[in-house]
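Colleague: Taken in order, these protein sequences are the chains called A and B. Counting in our numbering, the final residue of the first sequence is number 211, and the numbers go up one at a time with none missing. Counting in our numbering, the final residue of the second sequence is number 319, and the numbers go up one at a time with none missing.
By construction, these hints were calculated from the structure, which means they are not laboratory data. Fair warning: there could be bad hints in the mix.
[To be verified] Each pair of labels, with its calculated beta carbon distance range:
| # | chain 1 | residue 1 | chain 2 | residue 2 | range |
| --- | --- | --- | --- | --- | --- |
| 1 | B | 289 | A | 3 | 39 to 47 Å |
| 2 | A | 103 | B | 240 | 56 to 64 Å |
| 3 | B | 223 | A | 32 | 51 to 59 Å |
| 4 | B | 303 | A | 26 | 12 to 20 Å |
| 5 | B | 223 | A | 183 | 56 to 64 Å |
| 6 | B | 305 | A | 63 | 13 to 21 Å |
| 7 | B | 223 | A | 198 | 37 to 45 Å |
| 8 | A | 12 | B | 296 | 39 to 47 Å |
Glycine included, C-beta positions come from ideal geometry on N, C-alpha and C.
Residues per chain are reported as follows:
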Amino acid sequence: MIRQTLEELKRVRPKDLIVVVDDGSKDHSYAQACLEGVHLLRHIINLGQGAALETGIEYAKKMGCKYVVTFDADGQHCAEDIERFVQVLREDKADIVLCSRFLGKAENIPTLKKYFLKIAAFVERIMTGISLTDTHNGFRAINIAKFPDFAITQNRMSHASEIIDLIKRLKMRYMELPCTIRYSDYSISKGQSMMNSVNIIVEYILAKVIK
Amino acid sequence: MIFVKIFLIAVLSIVFLLVAFSSRYRTYQRMSVIFFYLFLAYLILFPKVADKVAQFFGIGRGVDLIIYLAIAILSLIVAVLYAKVKMDERAITKIVREIAIIEAKECR
Chain A
1 MIRQTLEELK RVRPKDLIVV VDDGSKDHSY AQACLEGVHL LRHIINLGQG
51 AALETGIEYA KKMGCKYVVT FDADGQHCAE DIERFVQVLR EDKADIVLCS
101 RFLGKAENIP TLKKYFLKIA AFVERIMTGI SLTDTHNGFR AINIAKFPDF
151 AITQNRMSHA SEIIDLIKRL KMRYMELPCT IRYSDYSISK GQSMMNSVNI
201 IVEYILAKVI K
Chain B
212 MIFVKIFLIA VLSIVFLLVA FSSRYRTYQR MSVIFFYLFL AYLILFPKVA
262 DKVAQFFGIG RGVDLIIYLA IAILSLIVAV LYAKVKMDER AITKIVREIA
312 IIEAKECR
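Chain A extracted, bound-state conformation (with noise of 0.2 Å):
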């Protein structure tokens, strides 16, 4: 699966600097991830999400990219959406767009998840007063050349609701697009269980007495 995610990142954006981050994983992933071009980075243990995305961040730091898009490697996001996203970077009218499943068409998602997720909005807006739509949504682009200091911390899961808080902490200007994800029964089989919500409030708020 991650192959073809690959495949249609280089065939729709052939001269973007394309970073895969196995988060130390067990099965062939790393080496089918080895695509001609792609900049293939390991974690010799697994971290968990959060830690393998400020990895890829950091290594876009380092090899001076200016904008970062973060994409799922599930096959749930859409290469085509990337253009429209880094538009807006290019013309300065954000510093963080956002993928939002609701503005735009998902499909097949499942009902519940669908409550689930406009809970965690609602929940989000409460506490931080940023207002979006959908926030645990793996497809960003974020202008790390103006915001060198974003850095996500939360190694696991509660890293969704971190990016919330750094939007907040930095002022980042952010916008919300429609962007179209296949619920494919890989992703949905790949995704997390809903109860896992427990498990990221938990560490939200640990994370938060605990600094």
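Starting from the structure of chain A, add chain B where the hints point.
Modeller: Okay, now just chain B, sitting in the frame of chain A:
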């Protein structure tokens, strides 16, 4: 009763030796550990003293006082250990990330 006391003092002494002679403490920390050890040993040998202290604080029995204190101290230890685990986790993240970036390769 005397066996229980010997057992308790033995356990206490082992913990004390581990704590007091590990090299990572400052002098005042080590001194307070020593005084705390002497105080606990004193309480084991003369449990009636704990009753008096408890009554002074308005708590019924000395054993109750010790249980309250134990819970408070254990909670504190959990909090400190949690913070330490978090710090270690951060260090590990840094190391793993550094390795990942150094070893990054461009496929061809």
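Colleague: Against this structure, judge whether each hint is valid.
Modeller: We went through each hint and held it up to the structure:
Restraint check, residue 289 (chain B) to residue 3 (chain A): a C-beta distance of roughly 45 Å satisfies the suggested window 39 to 47 Å. Distance hint check: the CB atoms of residue 103 (chain A) and residue 240 (chain B) are about 57 Å apart, consistent with the given range 56 to 64 Å. At roughly 57 Å, the beta-carbon separation of residue 223 (chain B) and residue 32 (chain A) lies within the given 51 to 59 Å, and the hint holds. About 18 Å separates the C-beta atoms of residue 303 (chain B) and residue 26 (chain A), a value consistent with the hinted range of 12 to 20 Å.
Judged by the Cβ atoms, the range 56 to 64 Å given for residue 223 (chain B) and residue 183 (chain A) holds: they are separated by roughly 60 Å. Against the hinted window of 13 to 21 Å, the Cβ-Cβ separation of residue 305 (chain B) and residue 63 (chain A) comes to about 19 Å, which satisfies the hint. In this structure the supplied range 37 to 45 Å holds for residue 223 (chain B) paired with residue 198 (chain A), their Cβ-Cβ distance being about 40 Å. Between residue 12 (chain A) and residue 296 (chain B) the beta carbon distance is about 43 Å. The supplied range of 39 to 47 Å therefore holds.
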